[in-house]
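Going down the list, the protein sequences come from chains A and B. Quick note: the first sequence uses my numbering, first residue 2, plus one each step. Quick note: the second sequence uses my numbering, first residue 32, plus one each step.
No wet-lab data here; the hints were simulated from the structure. Accuracy of the hints is not assured; some may be wrong.
[Unchecked claim] Distance ranges between label pairs, derived from CB positions:
1. B:Gly212 x A:Gly271: 25 to 35 angstroms
2. B:Arg156 x A:Pro402: 52 to 62 angstroms
3. B:Gly479 x A:Gly284: 55 to 65 angstroms
As the structure is a computational prediction, the values presented were derived from the model and not from experiment. Every residue gets a Cβ at the ideal spot worked out from N, C-alpha and C, and that includes glycine.
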Amino acid sequence: MQRRSFLNALSASAALVLPLGRSAWAATSVDARPTKNKLVVVMLRGAVDGLNVVAPVGDANYARLRPTIGLGLPGADNGAIDLDGYFGLHPALGALMPLWQQKKLAFVHASGSPDPTRSHFDAQDYMESATPGRKNTQDGWMNRMVGQLPGEPGASRALSIGAVMPRILSGPAAAMNLPNGASGVKATVLDRPDVGAAFDQLYAGDSRVARVYADGKTAHREVMSALESREMQAADNGAPLPNGFPDDAARLAQLMRNDPKIQLAFVALGGWDTHASQGGATGQLANRLAPLAQGLAVLAQRLGPLFDDTTIVVMSEFGRTARENGNGGTDHGHGNAMWVLGGGVAGGRVLGEWAGVGDAALNEGRDLPVTTDFRSVLAEIAEKHLRMGDKQLVRLFPALPQKGPGFTVLRV
Amino acid sequence: MKKPSLVLPLLLSAALLHAGPALAVTSATTEQQAAHVLNRLGYGPRPGDIDVVAGMGVRRYIDSQLDPASLALPAALQARLDGLDTVNRPAGAVLGEFVAARKEVRDEAEDAKARRRQVNERISRDTANACLVRALESPRQLEEVMVDFWFNHFNVFSGKGDDRALIASYERDAIRPYAMGNFRDLLGATAKHPAMLYYLDNVQSSAAGIKANGKPAGLNENYARELMELHTLGADAGYSQQDVTELARMLTGWTYDQRRLIQDNETFRFDARRHDKGAKTWLGRAVAPDGQREGEQALDVLAVHPATAQHISYQLAQYFVQDAPPPALVERMARSWQDSHGDIRTVLRTMFYSAEFMAPSAMRAKFKTPYRYVLSAARASATPVANLQPLLAAMNQLGMPLYGCQTPDGYKNTESAWLNPDALSRRIAFASTLASSKGPLAAPPDPGQLETTLGGTVSGRTRDIVASHPAPLRTAMLLGSPDFMQY
Numbered sequence: 002m003q004r005r006s007f008l009n010a011l012s013a014s015a016a017l018v019l020p021l022g023r024s025a026w027a028a029t030s031v032d033a034r035p036t037k038n039k040l041v042v043v044m045l046r047g048a049v050d051g052l053n054v055v056a057p058v059g060d061a062n063y064a065r066l067r068p069t070i071g072l073g074l075p076g077a078d079n080g081a082i083d084l085d086g087y088f089g090l091h092p093a094l095g096a097l098m099p100l101w102q103q104k105k106l107a108f109v110h111a112s113g114s115p116d117p118t119r120s121h122f123d124a125q126d127y128m129e130s131a132t133p134g135r136k137n138t139q140d141g142w143m144n145r146m147v148g149q150l151p152g153e154p155g156a157s158r159a160l161s162i163g164a165v166m167p168r169i170l171s172g173p174a175a176a177m178n179l180p181n182g183a184s185g186v187k188a189t190v191l192d193r194p195d196v197g198a199a200f201d202q203l204y205a206g207d208s209r210v211a212r213v214y215a216d217g218k219t220a221h222r223e224v225m226s227a228l229e230s231r232e233m234q235a236a237d238n239g240a241p242l243p244n245g246f247p248d249d250a251a252r253l254a255q256l257m258r259n260d261p262k263i264q265l266a267f268v269a270l271g272g273w274d275t276h277a278s279q280g281g282a283t284g285q286l287a288n289r290l291a292p293l294a295q296g297l298a299v300l301a302q303r304l305g306p307l308f309d310d311t312t313i314v315v316m317s318e319f320g321r322t323a324r325e326n327g328n329g330g331t332d333h334g335h336g337n338a339m340w341v342l343g344g345g346v347a348g349g350r351v352l353g354e355w356a357g358v359g360d361a362a363l364n365e366g367r368d369l370p371v372t373t374d375f376r377s378v379l380a381e382i383a384e385k386h387l388r389m390g391d392k393q394l395v396r397l398f399p400a401l402p403q404k405g406p407g408f409t410v411l412r413v
Numbered sequence: 032m033k034k035p036s037l038v039l040p041l042l043l044s045a046a047l048l049h050a051g052p053a054l055a056v057t058s059a060t061t062e063q064q065a066a067h068v069l070n071r072l073g074y075g076p077r078p079g080d081i082d083v084v085a086g087m088g089v090r091r092y093i094d095s096q097l098d099p100a101s102l103a104l105p106a107a108l109q110a111r112l113d114g115l116d117t118v119n120r121p122a123g124a125v126l127g128e129f130v131a132a133r134k135e136v137r138d139e140a141e142d143a144k145a146r147r148r149q150v151n152e153r154i155s156r157d158t159a160n161a162c163l164v165r166a167l168e169s170p171r172q173l174e175e176v177m178v179d180f181w182f183n184h185f186n187v188f189s190g191k192g193d194d195r196a197l198i199a200s201y202e203r204d205a206i207r208p209y210a211m212g213n214f215r216d217l218l219g220a221t222a223k224h225p226a227m228l229y230y231l232d233n234v235q236s237s238a239a240g241i242k243a244n245g246k247p248a249g250l251n252e253n254y255a256r257e258l259m260e261l262h263t264l265g266a267d268a269g270y271s272q273q274d275v276t277e278l279a280r281m282l283t284g285w286t287y288d289q290r291r292l293i294q295d296n297e298t299f300r301f302d303a304r305r306h307d308k309g310a311k312t313w314l315g316r317a318v319a320p321d322g323q324r325e326g327e328q329a330l331d332v333l334a335v336h337p338a339t340a341q342h343i344s345y346q347l348a349q350y351f352v353q354d355a356p357p358p359a360l361v362e363r364m365a366r367s368w369q370d371s372h373g374d375i376r377t378v379l380r381t382m383f384y385s386a387e388f389m390a391p392s393a394m395r396a397k398f399k400t401p402y403r404y405v406l407s408a409a410r411a412s413a414t415p416v417a418n419l420q421p422l423l424a425a426m427n428q429l430g431m432p433l434y435g436c437q438t439p440d441g442y443k444n445t446e447s448a449w450l451n452p453d454a455l456s457r458r459i460a461f462a463s464t465l466a467s468s469k470g471p472l473a474a475p476p477d478p479g480q481l482e483t484t485l486g487g488t489v490s491g492r493t494r495d496i497v498a499s500h501p502a503p504l505r506t507a508m509l510l511g512s513p514d515f516m517q518y
């Protein structure tokens, strides 16, 4: 059985007080008690340029590697926003600074998958199956997570927003998906009693398609009832938002507030594969980052008190080259930054083993190494935040290396 | 699922009368086989199609589909295609109009913006309409299916810059002529088409230190990577990052010049000035400096590489046979590929003639993509579709906008990609729209006629449930049934 180092520390006694902080999570982690806590995963498909998200502006090599797309020093024109005197946040992500200041936002830099592939498709597959290097894993890790989550099973415990069910939520456990935009929460022709009854008959039985139909019906009913107080909510929360991610994030927050059964949610955003003309403080990448930050801020705000029970992870399949290419863009790289937000996050810190971006520190002379396995961050969240026991963790992240990171992301 | 007892006697007589050359040993009836080939080699039966194919013999149908030139396009279809401006003009002419409309907008005048919107919409509409009208009405169904297969294989995204104007030419000039020809020709045509050069950035890839249009340029690996990973060898073929970089260097200078494309329809040029003239080592072989020939030789190697034969045979078998294709079949197809030096028609013949393709377990084993679902529903409904916009809108809503796949791997065609709760309810909503007198069809299909058209692909159980409901619901029920989601 694979166990992480911070688990090993308590194997002698569940009541042992750990040096990592208060032991409340440790005492509960060995048995799997139901929790109302929630996890939201935002996946940036296409490999976001983590070195311009959390930029090492304090390293002189950074400006040398990125003469046209690099962010300036904090305070300079088009400069980064200072985080800790060394790292700077992309100025388009300014909407996240209040969370950083409240220490509810942390970054894990030079993190990612140990698999060296620079193929988007393989790397996304590995990040969604959580079995890097193994392509024959049938289910996604969030689907395994729904299956392992202590408490009552149900069709609406896991939700994806997007046109199709993503790999990360595919598998035997029930999950639902809603399309982007407001159309996902409208009444359908199946809400007409005669039509609904007719199709219920056609889709009766136990075939796979029949089960998917039944899941859809349950989930739709729950979503519709969760949105009944929609107008009041809208009045509470101010002006309508632009379409796109902020809009979906607002809707997600509302669903989660009104339907406590929803514990896992997933959203994927595209457009990060910036091989050419990615821009610096402004431009293509900035234009994608701004609505992302706005959406995350809206999600945090509209979850209200629920934000304390929620952890949000933003991840991308790999990072990009440290050196800008000949077209003002960056090519496929390796390590990236994971973003972790939530009431329980020990934030206001850029975590991870970091050796700078000097030539000797770069992986294969071109990109960030992976010094933190993305699964170890997820495993900590699964264990402390979602109260997964050892057995569940092993099923969730099989073959996770024994060595954990030298830090913890969550406060508890 | 049970077969409808009603049709059985008919089937038997058809099978006896029209026993063609024996295919592989199978227990499926001729009618089932006819429905199967209509669903797999095409976009599903139109009224009467199953009888026609059963009558001529399934093997003859396959052979005729493999020889599309032998099938004349109906005059009405040809006339409709002739009326679509964008698809009948050279790439450069369409791009010129597109770029001119874009430039005018720089002064922010409202009428220039409106004109640009009009131009963009017409280009997209013509391109999409040509695709749909062929898929719905062309007797060369396999050609349309293969164009779809290869378009996804060599995917480009219409939303990326110039590509909106270039898609029609890409499909017409780079894909369609080679869809059942030699793979090397197809590979070369896509490699040199401006839509691909632009989409995967090779247009701007240069040797380090070269200035292009006053801007410093450099190596861009994007096309070289996908050329090996997606278009030919597959990600597991054992090549390295170094091989990607070296191939990118070999392909430097493969580009097009937008001005020359617009003025002279010069769709490809090798720019020797941008080419990396150093020696390279690629896939373990030394590559001496040889200009454009370096890239041509790379395509020669990739087109007949055993990994390519395996990779694309798997994809074809997944697309045409089942989501997890039988390894023995893939193996035989890969051997056909090798023996024929990448002759696509030969590989298809190996697949279509195989016992695995015609096995009862392969029949109705696939879950329709949104594209196929919408097309097959429109084909099964007897009336011609005058306005194609509702079909395009349905594809958007179902998550598969035409020419709208952003990533170079193209749309997936497996059940795990498309079967989800929301998809089912949206398909049912689309079926209800098609069945409604206010829908896109001038006259919604009569449920009895629809049942006949679909033959044995609708189970006895579904027929019984449909029959027990009032007539206005029946057409929607058939098109929204679990039976019609599969093919």
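Verification of the hints:
no., hint, verdict
1, B:Gly212 x A:Gly271: 25 to 35 angstroms, "34 angstroms, holds"
2, B:Arg156 x A:Pro402: 52 to 62 angstroms, "54 angstroms, holds"
3, B:Gly479 x A:Gly284: 55 to 65 angstroms, "60 angstroms, holds"
Comparing the model with each numbered hint stated earlier shows that all of them hold.
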